[in-house]
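K.L.:
Residue numbers (this note's numbering), protein chains in the order written: chain A, 1 to 284; chain B, 1 to 284; chain C, 1 to 284; chain D, 1 to 284.
Check each hint, because a few of them may be wrong.
A pair holds if it fits inside one copy or across any two, identical chains being indistinguishable in the list.
Said to hold, decoys possible - Once the Cα atoms are required to be at most 25 Å apart in a straight line, the calculated SDA-like pairs of lysine to any residue come out as: (1) LYS21 - LEU46; (2) LYS21 - PRO61; (3) LYS79 - ASP138; (4) LYS252 - VAL275; (5) LYS146 - ARG90; (6) LYS21 - ALA73; (7) LYS146 - ALA202; (8) LYS184 - HIS140; (9) LYS252 - ARG266; (10) LYS252 - ALA44; (11) LYS149 - ASN70; (12) LYS112 - GLY43; (13) LYS252 - VAL238; (14) LYS146 - LYS252; (15) LYS112 - ARG239; (16) LYS184 - SER96; (17) LYS252 - ARG207; (18) LYS252 - GLY277; (19) LYS252 - PRO4; (20) LYS79 - ILE34; (21) LYS252 - ILE72; (22) LYS252 - ILE88; (23) LYS112 - VAL246; (24) LYS149 - SER241; (25) LYS146 - LEU76.
Hints in this document: simulated from the structure, not taken from any laboratory.
On a predicted model such as this, the values are computed, not experimentally measured, just so you know.
There are 4 protein chains.
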Amino acid sequence: MTNPTATLLISCPDQRGLVAKIANFIYSNGGNIIHADQHTDFGAGLFLTRIEWLLAGFNLPRDLIGPAFNAIAQPLGAKWELHFSDTIPRIAIWVSRQDHCLFDLIWRHRAKEFIAEIPLIISNHTGLKPIAEQFGIDYHHIPLTKDNKAEQEIYQLELLRRYNIDLVVLAKYMQIVSEDFISKFPQIINIHHSFLPAFIGANPYHRAFERGVKIIGATAHYATADLDAGPIIEQDVVRVSHRDTVEDLIRKGKDLERVVLARAVRSHLQNRVLVYGNRTVVFE
Amino acid sequence: MTNPTATLLISCPDQRGLVAKIANFIYSNGGNIIHADQHTDFGAGLFLTRIEWLLAGFNLPRDLIGPAFNAIAQPLGAKWELHFSDTIPRIAIWVSRQDHCLFDLIWRHRAKEFIAEIPLIISNHTGLKPIAEQFGIDYHHIPLTKDNKAEQEIYQLELLRRYNIDLVVLAKYMQIVSEDFISKFPQIINIHHSFLPAFIGANPYHRAFERGVKIIGATAHYATADLDAGPIIEQDVVRVSHRDTVEDLIRKGKDLERVVLARAVRSHLQNRVLVYGNRTVVFE
Amino acid sequence: MTNPTATLLISCPDQRGLVAKIANFIYSNGGNIIHADQHTDFGAGLFLTRIEWLLAGFNLPRDLIGPAFNAIAQPLGAKWELHFSDTIPRIAIWVSRQDHCLFDLIWRHRAKEFIAEIPLIISNHTGLKPIAEQFGIDYHHIPLTKDNKAEQEIYQLELLRRYNIDLVVLAKYMQIVSEDFISKFPQIINIHHSFLPAFIGANPYHRAFERGVKIIGATAHYATADLDAGPIIEQDVVRVSHRDTVEDLIRKGKDLERVVLARAVRSHLQNRVLVYGNRTVVFE
Amino acid sequence: MTNPTATLLISCPDQRGLVAKIANFIYSNGGNIIHADQHTDFGAGLFLTRIEWLLAGFNLPRDLIGPAFNAIAQPLGAKWELHFSDTIPRIAIWVSRQDHCLFDLIWRHRAKEFIAEIPLIISNHTGLKPIAEQFGIDYHHIPLTKDNKAEQEIYQLELLRRYNIDLVVLAKYMQIVSEDFISKFPQIINIHHSFLPAFIGANPYHRAFERGVKIIGATAHYATADLDAGPIIEQDVVRVSHRDTVEDLIRKGKDLERVVLARAVRSHLQNRVLVYGNRTVVFE
Numbered sequence: 001m002t003n004p005t006a007t008l009l010i011s012c013p014d015q016r017g018l019v020a021k022i023a024n025f026i027y028s029n030g031g032n033i034i035h036a037d038q039h040t041d042f043g044a045g046l047f048l049t050r051i052e053w054l055l056a057g058f059n060l061p062r063d064l065i066g067p068a069f070n071a072i073a074q075p076l077g078a079k080w081e082l083h084f085s086d087t088i089p090r091i092a093i094w095v096s097r098q099d100h101c102l103f104d105l106i107w108r109h110r111a112k113e114f115i116a117e118i119p120l121i122i123s124n125h126t127g128l129k130p131i132a133e134q135f136g137i138d139y140h141h142i143p144l145t146k147d148n149k150a151e152q153e154i155y156q157l158e159l160l161r162r163y164n165i166d167l168v169v170l171a172k173y174m175q176i177v178s179e180d181f182i183s184k185f186p187q188i189i190n191i192h193h194s195f196l197p198a199f200i201g202a203n204p205y206h207r208a209f210e211r212g213v214k215i216i217g218a219t220a221h222y223a224t225a226d227l228d229a230g231p232i233i234e235q236d237v238v239r240v241s242h243r244d245t246v247e248d249l250i251r252k253g254k255d256l257e258r259v260v261l262a263r264a265v266r267s268h269l270q271n272r273v274l275v276y277g278n279r280t281v282v283f284e
Numbered sequence: 001m002t003n004p005t006a007t008l009l010i011s012c013p014d015q016r017g018l019v020a021k022i023a024n025f026i027y028s029n030g031g032n033i034i035h036a037d038q039h040t041d042f043g044a045g046l047f048l049t050r051i052e053w054l055l056a057g058f059n060l061p062r063d064l065i066g067p068a069f070n071a072i073a074q075p076l077g078a079k080w081e082l083h084f085s086d087t088i089p090r091i092a093i094w095v096s097r098q099d100h101c102l103f104d105l106i107w108r109h110r111a112k113e114f115i116a117e118i119p120l121i122i123s124n125h126t127g128l129k130p131i132a133e134q135f136g137i138d139y140h141h142i143p144l145t146k147d148n149k150a151e152q153e154i155y156q157l158e159l160l161r162r163y164n165i166d167l168v169v170l171a172k173y174m175q176i177v178s179e180d181f182i183s184k185f186p187q188i189i190n191i192h193h194s195f196l197p198a199f200i201g202a203n204p205y206h207r208a209f210e211r212g213v214k215i216i217g218a219t220a221h222y223a224t225a226d227l228d229a230g231p232i233i234e235q236d237v238v239r240v241s242h243r244d245t246v247e248d249l250i251r252k253g254k255d256l257e258r259v260v261l262a263r264a265v266r267s268h269l270q271n272r273v274l275v276y277g278n279r280t281v282v283f284e
Numbered sequence: 001m002t003n004p005t006a007t008l009l010i011s012c013p014d015q016r017g018l019v020a021k022i023a024n025f026i027y028s029n030g031g032n033i034i035h036a037d038q039h040t041d042f043g044a045g046l047f048l049t050r051i052e053w054l055l056a057g058f059n060l061p062r063d064l065i066g067p068a069f070n071a072i073a074q075p076l077g078a079k080w081e082l083h084f085s086d087t088i089p090r091i092a093i094w095v096s097r098q099d100h101c102l103f104d105l106i107w108r109h110r111a112k113e114f115i116a117e118i119p120l121i122i123s124n125h126t127g128l129k130p131i132a133e134q135f136g137i138d139y140h141h142i143p144l145t146k147d148n149k150a151e152q153e154i155y156q157l158e159l160l161r162r163y164n165i166d167l168v169v170l171a172k173y174m175q176i177v178s179e180d181f182i183s184k185f186p187q188i189i190n191i192h193h194s195f196l197p198a199f200i201g202a203n204p205y206h207r208a209f210e211r212g213v214k215i216i217g218a219t220a221h222y223a224t225a226d227l228d229a230g231p232i233i234e235q236d237v238v239r240v241s242h243r244d245t246v247e248d249l250i251r252k253g254k255d256l257e258r259v260v261l262a263r264a265v266r267s268h269l270q271n272r273v274l275v276y277g278n279r280t281v282v283f284e
Numbered sequence: 001m002t003n004p005t006a007t008l009l010i011s012c013p014d015q016r017g018l019v020a021k022i023a024n025f026i027y028s029n030g031g032n033i034i035h036a037d038q039h040t041d042f043g044a045g046l047f048l049t050r051i052e053w054l055l056a057g058f059n060l061p062r063d064l065i066g067p068a069f070n071a072i073a074q075p076l077g078a079k080w081e082l083h084f085s086d087t088i089p090r091i092a093i094w095v096s097r098q099d100h101c102l103f104d105l106i107w108r109h110r111a112k113e114f115i116a117e118i119p120l121i122i123s124n125h126t127g128l129k130p131i132a133e134q135f136g137i138d139y140h141h142i143p144l145t146k147d148n149k150a151e152q153e154i155y156q157l158e159l160l161r162r163y164n165i166d167l168v169v170l171a172k173y174m175q176i177v178s179e180d181f182i183s184k185f186p187q188i189i190n191i192h193h194s195f196l197p198a199f200i201g202a203n204p205y206h207r208a209f210e211r212g213v214k215i216i217g218a219t220a221h222y223a224t225a226d227l228d229a230g231p232i233i234e235q236d237v238v239r240v241s242h243r244d245t246v247e248d249l250i251r252k253g254k255d256l257e258r259v260v261l262a263r264a265v266r267s268h269l270q271n272r273v274l275v276y277g278n279r280t281v282v283f284e
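Chain A with its partners taken away, still in its complex shape (with noise of 0.2 Å):
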């Protein structure tokens, strides 16, 4: 799709007519959507709607859609975000010690399975410094000590405004990042390494051992200030059996671990994950 599109991401309560009038805001413009998904939430009393048209042929100036569409969107009481496809979205990677997701991460890069930039690493190790220079990306080693943890976001903050960051991925990051950052920088998708919420906190791959199950799971979630508990944006699962040790579930967990937080990241940068509560609607 090298055609520029524009996308609506939209949250409203329920009311009879929204899918003509949003249709029709598109229609009468001159808009040729290429996607549309809606869902009801009857429980919660909402609308939500993922809405992709072409920007060729659109008589109406990106910078007019936004405030022509709240004219519609006001009276609706709608929530809603705009982005732009060839607007190319920029990611920071923050690593511990691990290097999978990393790896994983820039080989889809490479492949084209991300539309988006990676200029900028940060890791509280220096363990995978070489991967950085490897691929030509910045690596910030921000050493982090009980002491220096609030002096050290500032200037993680910093470092993300430098490097005019829109999404952090915490590629096995494995750190708490505090209530007061995420409030200030909220786009951050975490990868847990256990089916949520089994095992939150540390050491799952030990706990599920201990527990003895027959699956283990990888969660990839939004940050949120609750550990563990943010919005999910995709799950999966590996079975495993009473011969798998602590180190098979670490090894196949990887696995889970490397595909789950692509996909959640490859949503996200297509504008396919609608936040309402602490759940998500990923359109497909």
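On the provided structure of chain A, position chains B, C and D as indicated by the hints.
P.N.:
Chains B, C and D only, in chain A's frame:
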């Protein structure tokens, strides 16, 4: 959902304004859309959509909805079907000797997973008659030989007419239905005990064993003249190992067959399946 | 396999020569081994094995096999169980209001997936009595109140004795069985409608919906005093999406519960499950 | 497991006393068995086993183990292989243009998921040479035309000999290897991008799309003269929908291909795969 709804399934050459035109038709007549999903197959140049709305408050009487929509559909070159949720479809289940799919469909019917009636079972054997009696369903034994097939199909068609059947479910009916029969009664869902197109035809589990596969599957599809080649509605798989004998594959396969067939029948009954060419869109 | 077999399930501190000693015991008495599997948990220092052989041609009479093997097991510090394949286990199924697991177990029994007898159904409700009657199984209605539980458990135990029951299957029996009861009758398999340890306790599907998970699961485990914490025998999962309501989760979950419970019961009945600590080895 | 071990893979006509005889051979020479698994294919009348023991404390010197075991194997009519865990196998990876499997195998090698050396990459294209250089692996470009294949295979065989290669991994090497080549170097694992035996041959994703399947797969197998018909080591699948284009199938398939190939290579390297007829036993 006890409030009756109308559902349109539409396929149409892709063109600007389709979503708006269809949504406006519903909205301008006072309809409240509760489900809408669309898909564009860019390769085929086709727009496919499912739209469901509450009849309560809709201004058009039922018998005028079709004609009124046709006035919109005609100029677009659209093909469409209209269904009402309170028109309960009537199912005939065809079986041979195996009872697992029959049992399962009956259980799901009792559990209200299917909104349908099951007044008729047809079999080329007598073995499952007691189940029919147990659940108060008419059972017609129609034995087949090489010579009587054409004649028996006339009788089968007559039964479908007499019982006012909307859908035939081949629930492990181990006989081929003729091209002629299908042309006269095309609404037929079959369950094939392999992951099509692997192991088309007879004895798929034996051949799967011979081939040494590590996963087996089942496929629910619409019956067509070309054996096991009809549009696929649903598939699923299960892992097997060298420890599994042919008998184990058959046993594990039964669990697949039950659930795959049930999902396909349910999607069909909810008017969520749209066939185009040899493919299906299963709206979710 | 119509030729009767003997099966030993053995757990033992790991040490040199175990496989040879056990195999020699069978071989030197003329036994033909048809299944042997072993597992060493190096962390726990435990050797666990299952060995099954044909009784035809075995030189020891049945009642001497146990004592003879004990002479070998004692010095090794081994715990062991001996089972004969032609001793048909007797199952009591306990239910509340939901019928899907009950129906499924009965169907599998008829289909000879389980070599067992099912002479008894116990329920705290009367709703499923017609199913029991339909299939000729005794149904005992044992209503529970806050005050009568201890007393009713005495009656339940008395029934298990009277019917000579070997295994209790809690097939969606929505009541807690007391620690005292379990200590007196420990052979109990429960199906929990979540992917344990996620959503321990009541209403797991509602809580899964609230949490916005993308996958739900079911878990079959041995009942222990600690609720939903017993050794896990089998788990499985199914994918859900934002389109699924709580009712959809319940419906999809039923398919999981049926198959997960059935697999666990079948493994148990084939003497393939060995419990150690809070873990199981399920020999394949 | 840093203590070196010996592993025997044995296949043998089924007969009384096999487990005992083999276990006694290890035990009587002072060996400590750390893994033993067996399988009897009753249809084929074959007993297949894998047995692994610690070399520390074993009384026989390495070069006498084979001859000593042969004295036992001969009268039983057994075929066997003997492997030592500290003999590091050497892998040649063959690629064409796609890099995902190559990258993945290299990453897993670095992560120590494979105990092996990867000294050689062979390709009929030059595109992936930079990756080889990046990771310090020799890259031989061997272009293929209709006319030079026989000649180039001689060169390829010469390279395998020169590099002392034990295993060839066809990591999306989109060329057919001749029957003659395979007869001279039979240790070849191929990844096929379909769920075999579905979509044998070229363009499986395009044909899967045409057929409208709801699940796609990947298959790792030993290469044989008959294209895509060799013994299957591992398969896995992923769900697709009408929304997935051929490009989406290719993208999703890459994740499958990586993990399926890696699992097969790992099982092979751990001497867990035993081929008999056109089937494999993969000991766990």
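K.L.:
None of the hints should be skipped; say for each whether it holds.
P.N.:
Against the structure, the hints come out as follows:
Proximity of LYS21 to LEU46 under the C-alpha cut-off of 25 Å is found in both arrangements, the shortest distances being 16 Å within a copy and 23 Å between copies. Taking the closest pair of Cα atoms, LYS21 and PRO61 come within 25 Å of each other both inside a single copy (20 Å) and across two copies (24 Å). When the C-alpha separation of LYS79 and ASP138 is checked against a cutoff of 25 Å, the pair qualifies neither within a copy, at 36 Å, nor between copies, at 55 Å. Taking the shortest Cα distances, LYS252 and VAL275 sit within 25 Å of each other only across copies (24 Å), while inside one copy they are farther apart (29 Å).
Taking identical chains as interchangeable, the C-alpha atoms of LYS146 and ARG90 are never at most 25 Å apart, the minima being 30 Å within one chain and 46 Å between chains. Within a single copy, LYS21 and ALA73 get their C-alpha atoms as close as 10 Å, and across copies as close as 20 Å, so both meet the 25 Å cut-off. For the identical chains of this complex, LYS146 and ALA202 are intra-copy neighbours only, at 17 Å inside a copy versus 39 Å across copies, given an alpha-carbon limit of 25 Å. Taking the shortest alpha-carbon separations for LYS184 and HIS140, only the intra-copy value of 20 Å comes in at or below 25 Å, while the best inter-copy value is 52 Å.
In this homomeric assembly, LYS252 and ARG266 come within 25 Å of each other (Cα to Cα) both inside a single copy, at 22 Å, and across copies, at 12 Å. Taking CA atoms no more than 25 Å apart as the test, LYS252 paired with ALA44 passes between copies only; the shortest distance there is 22 Å, against 38 Å inside one copy. Proximity of LYS149 to ASN70 under the C-alpha cut-off of 25 Å is found in neither arrangement, the shortest distances being 40 Å within a copy and 62 Å between copies. For a Cα distance limit of 25 Å, the shortest separation of LYS112 from GLY43 across copies, 21 Å, qualifies, whereas the shortest one inside one copy, 39 Å, does not.
Both within a single protomer and between protomers do LYS252 and VAL238 lie at most 25 Å apart by alpha-carbon distance, with minima of 8 Å and 17 Å respectively. Taking identical chains as interchangeable, the C-alpha atoms of LYS146 and LYS252 are never at most 25 Å apart, the minima being 32 Å within one chain and 42 Å between chains. When the C-alpha separation of LYS112 and ARG239 is checked against a cutoff of 25 Å, the pair qualifies only between copies, where the shortest distance is 22 Å, while the shortest distance within a copy is 30 Å. For a Cα distance limit of 25 Å, the shortest separation of LYS184 from SER96 inside one copy, 22 Å, qualifies, whereas the shortest one across copies, 47 Å, does not.
Proximity of LYS252 and ARG207 under a CA criterion of 25 Å is satisfied intra-copy only: 15 Å inside one chain copy versus 28 Å between copies. Taking the closest pair of Cα atoms, LYS252 and GLY277 come within 25 Å of each other only across two copies (24 Å); inside a single copy the shortest separation is 32 Å, beyond that limit. Proximity of LYS252 and PRO4 under a CA criterion of 25 Å is satisfied inter-copy only: 24 Å between copies versus 39 Å inside one chain copy. Proximity of LYS79 to ILE34 under the C-alpha cut-off of 25 Å is found in both arrangements, the shortest distances being 22 Å within a copy and 20 Å between copies.
Proximity of LYS252 to ILE72 under the C-alpha cut-off of 25 Å is found in neither arrangement, the shortest distances being 49 Å within a copy and 38 Å between copies. In the homo-oligomer, the alpha carbons of LYS252 and ILE88 lie at most 25 Å apart only across protomers (23 Å), although the nearest pairing inside one protomer, at 33 Å, exceeds that limit. In the homo-oligomer, the alpha carbons of LYS112 and VAL246 lie at most 25 Å apart only across protomers (16 Å), although the nearest pairing inside one protomer, at 34 Å, exceeds that limit. Proximity of LYS149 and SER241 under a CA criterion of 25 Å is satisfied in neither setting, with 40 Å inside one chain copy and 37 Å between copies.
Taking the closest pair of Cα atoms, LYS146 and LEU76 never come within 25 Å of each other, the shortest separation being 48 Å inside a single copy and 51 Å across copies.
When each numbered hint is compared with the structure, violations occur for hints 3, 5, 11, 14, 21, 24, 25.
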